[in-house]
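Enquirer: Chain residues, written in single-letter form:
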Amino acid sequence: MSLDTSAVLHSGPDGPRSDQDPGDDLSAVHRARRRHAGVVWSLRLVVLVAVFGAWEVLATYVIDPFYYSKPSLIVVRLFEWFTVGTSKGSIWSNISVTLQEAVYGFVLGAILGVILGILLGRARLLAEVLQPFIQALNAVPRIVLAALFIIWFGLGMESKVATALVLVFFPVFFNAFQGAREVDRNFVDNARILGASRVQILWSIVVPSATSWILASLHTAFGFALIGAIVGEYAGASKGIGLLISTAQGTFDSAGIYAGMILSTVLALLAEVILGGAEKRLLRWRPPSQATTTAGI
Amino acid sequence: MEHLIELANATKRFPNGKGGIHTAIRDVTLTVEPGQFVAVVGPTGCGKSTTLSLISGLQPPSVGTVKVNGKDVDGVPDGVGYMFQADAMLPWRSVLANVAAGPIWRGVEKSQARDRARDWIARVGLEGFEGYYMHQLSGGMRKRVALAQTLVNEPSILLMDEPFSALDVQTRALMQQELLRLWAGTNAAVVFVTHDLEEAIVLADRVVVMTASPARIKAVYDVGLSRPRDVEELRITTEFIDVYRSIWSSLSAEVDIARKVPSRVA
Numbered sequence: 002m003s004l005d006t007s008a009v010l011h012s013g014p015d016g017p018r019s020d021q022d023p024g025d026d027l028s029a030v031h032r033a034r035r036r037h038a039g040v041v042w043s044l045r046l047v048v049l050v051a052v053f054g055a056w057e058v059l060a061t062y063v064i065d066p067f068y069y070s071k072p073s074l075i076v077v078r079l080f081e082w083f084t085v086g087t088s089k090g091s092i093w094s095n096i097s098v099t100l101q102e103a104v105y106g107f108v109l110g111a112i113l114g115v116i117l118g119i120l121l122g123r124a125r126l127l128a129e130v131l132q133p134f135i136q137a138l139n140a141v142p143r144i145v146l147a148a149l150f151i152i153w154f155g156l157g158m159e160s161k162v163a164t165a166l167v168l169v170f171f172p173v174f175f176n177a178f179q180g181a182r183e184v185d186r187n188f189v190d191n192a193r194i195l196g197a198s199r200v201q202i203l204w205s206i207v208v209p210s211a212t213s214w215i216l217a218s219l220h221t222a223f224g225f226a227l228i229g230a231i232v233g234e235y236a237g238a239s240k241g242i243g244l245l246i247s248t249a250q251g252t253f254d255s256a257g258i259y260a261g262m263i264l265s266t267v268l269a270l271l272a273e274v275i276l277g278g279a280e281k282r283l284l285r286w287r288p289p290s291q292a293t294t295t296a297g298i
Numbered sequence: 254m255e256h257l258i259e260l261a262n263a264t265k266r267f268p269n270g271k272g273g274i275h276t277a278i279r280d281v282t283l284t285v286e287p288g289q290f291v292a293v294v295g296p297t298g299c300g301k302s303t304t305l306s307l308i309s310g311l312q313p314p315s316v317g318t319v320k321v322n323g324k325d326v327d328g329v330p331d332g333v334g335y336m337f338q339a340d341a342m343l344p345w346r347s348v349l350a351n352v353a354a355g356p357i358w359r360g361v362e363k364s365q366a367r368d369r370a371r372d373w374i375a376r377v378g379l380e381g382f383e384g385y386y387m388h389q390l391s392g393g394m395r396k397r398v399a400l401a402q403t404l405v406n407e408p409s410i411l412l413m414d415e416p417f418s419a420l421d422v423q424t425r426a427l428m429q430q431e432l433l434r435l436w437a438g439t440n441a442a443v444v445f446v447t448h449d450l451e452e453a454i455v456l457a458d459r460v461v462v463m464t465a466s467p468a469r470i471k472a473v474y475d476v477g478l479s480r481p482r483d484v485e486e487l488r489i490t491t492e493f494i495d496v497y498r499s500i501w502s503s504l505s506a507e508v509d510i511a512r513k514v515p516s517r518v519a
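Top to bottom, those sequences are chains A and B.
Number 36 in our numbering belongs to position 35 of the first sequence; there are no gaps in the numbering.
Number 351 in our numbering belongs to position 98 of the second sequence; there are no gaps in the numbering.
It is worth saying that the hints were derived from the structure and are not from the lab.
Here the structure is a predicted model, which means the values were calculated and not measured.
Warning: the hint list may mix true and false statements.
What the hints assert, rightly or not - Derived contacts from chain B toward chain A, CB cut-off under 10 Å, selection only:
(1) Ser306
(2) Gln338
(3) Ala339
(4) Asp340
(5) Ala341
(6) Trp345
(7) Gln389
(8) Val405
(9) Ala437
To be verified - Which stretches of chain A does chain B cover? Using the computed rule of at least three CB atoms under 8 Å from a CB of chain B, they are:
(10) 205 to 215
(11) 256 to 269
To be verified - Beyond 10 Å from chain A on every Cβ pair, some chain B residues (computed):
(12) Glu255
(13) Ala261
(14) Leu349
(15) Gly355
(16) Gln365
(17) Asp372
(18) Phe382
(19) Ala419
(20) Val422
(21) Gly438
(22) Glu452
(23) Arg469
(24) Ala472
(25) Glu485
Cβ coordinates follow ideal geometry from the N, Cα and C atoms, glycine included.
Could you put the whole structure together from the sequences, leaning on the hints where they help?
Expert: And the structure:
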């Protein structure tokens, strides 16, 4: 575990020393690691500046910023949205609507996906019977359902939640299904011998086993939830980032489209950070991966 | 007379995955009484472990009967503990939670189950490691957890499937000694499957020699060595070597046969 390693590393200078003085070696390793991180981050900054600088210069002197916009215009648009507001009300109210739709869709889709995936993963016959239907459903271009949901549920939040839900459901469902099927036979046999009932096996072994599979799918699933909400709004809504993007398109405001893209990217990244933290907590029983234990040694 | 464990002409066949049938064990007849330590030896991959899955109720016999406490085995019988060859503790649970799992699953109140688990963790020599996860423990320590996990249920029948085969020689001897110490005075019957004849003699009262696949019982030997035993000392006594020589003459023929046939799953 990373905790243990750091404890060992810090005890280096005070702990028993060999004649090679491991304390010095370790601090050298630390220094080298810090230097490496510094180099990586500076190079990332260079990439960012190069791409946006080139875009800015090109859009100023070569290509037409009306079609392609440029970074400075996008910054101005974002600034305007946050200070003055958008044509559809304050930017925060639009963000909050999109976020709510995505979160509701994500939560509902994930819950449904996990429950059905795990149950079907344990019911072999049912899984075999339903397999072709599920595959067919998975092959349907689900994003098109956004249009149908607007007819069914109207222009309000419900239609976007439904779109996000459908997009989230399938990846979570498939991972939960796979996770529930790949439970170590040994764990189940051992639990049966130790006295676990079917329900106890499901709860204490199948669900935790499938957790790492499910968590892996949740990472991408929140991205899908955002896509679902935004596409739903794009297809017809009274508020939201998708609506801002479609309005920007209607007024040939390419900077506005980019600004909407940046907002949704930031939301997705924030969600990724939160989910990553939750994953770390839930999977803290795992041995540290090879990559982290050997780095720098 | 009613026996604790009674296998009568038990045969187990499996589909072999190529459309044929693989017979793991054939016509196995064996009885075990309370407090007996029986070792089952045979060439690697001969089907010894199948005997244990029949007694444990994890698998039904294809032919013949398996009785525990006089009753036909249908599902896991009461009082059976089973230590598998591979680690079967849950990696996402701490040592304490793994050991307490059995009693909790059987309906013991949680705090009481944890107290019993703590007691057994101490008895197997892991005091202070209650909060550790499996990947933080060595192979020998994991075997100790597995022992505590099994023994906390106070089984009257302890099934062990090559539990120490993955350990290095020194740790294995240590665990054998620990097993004898923990088992002494419990009156539990042990059926211990191994391919290591030395291990079988050091531990058991009776050694059952099985043939190469499909496994049948070839011979049963009584090990007349006194208890308590010191596993390290015992190996170099002449009594041990005599017993070893007589059983090995029977087992080695089967090992030779098994070597000529490509090995099947253990």
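Enquirer: May I ask which of the numbered hints given earlier this structure violates, with the numbers listed in increasing order?
Expert: Result: hints 9, 11 and 15 break, sorted rising.
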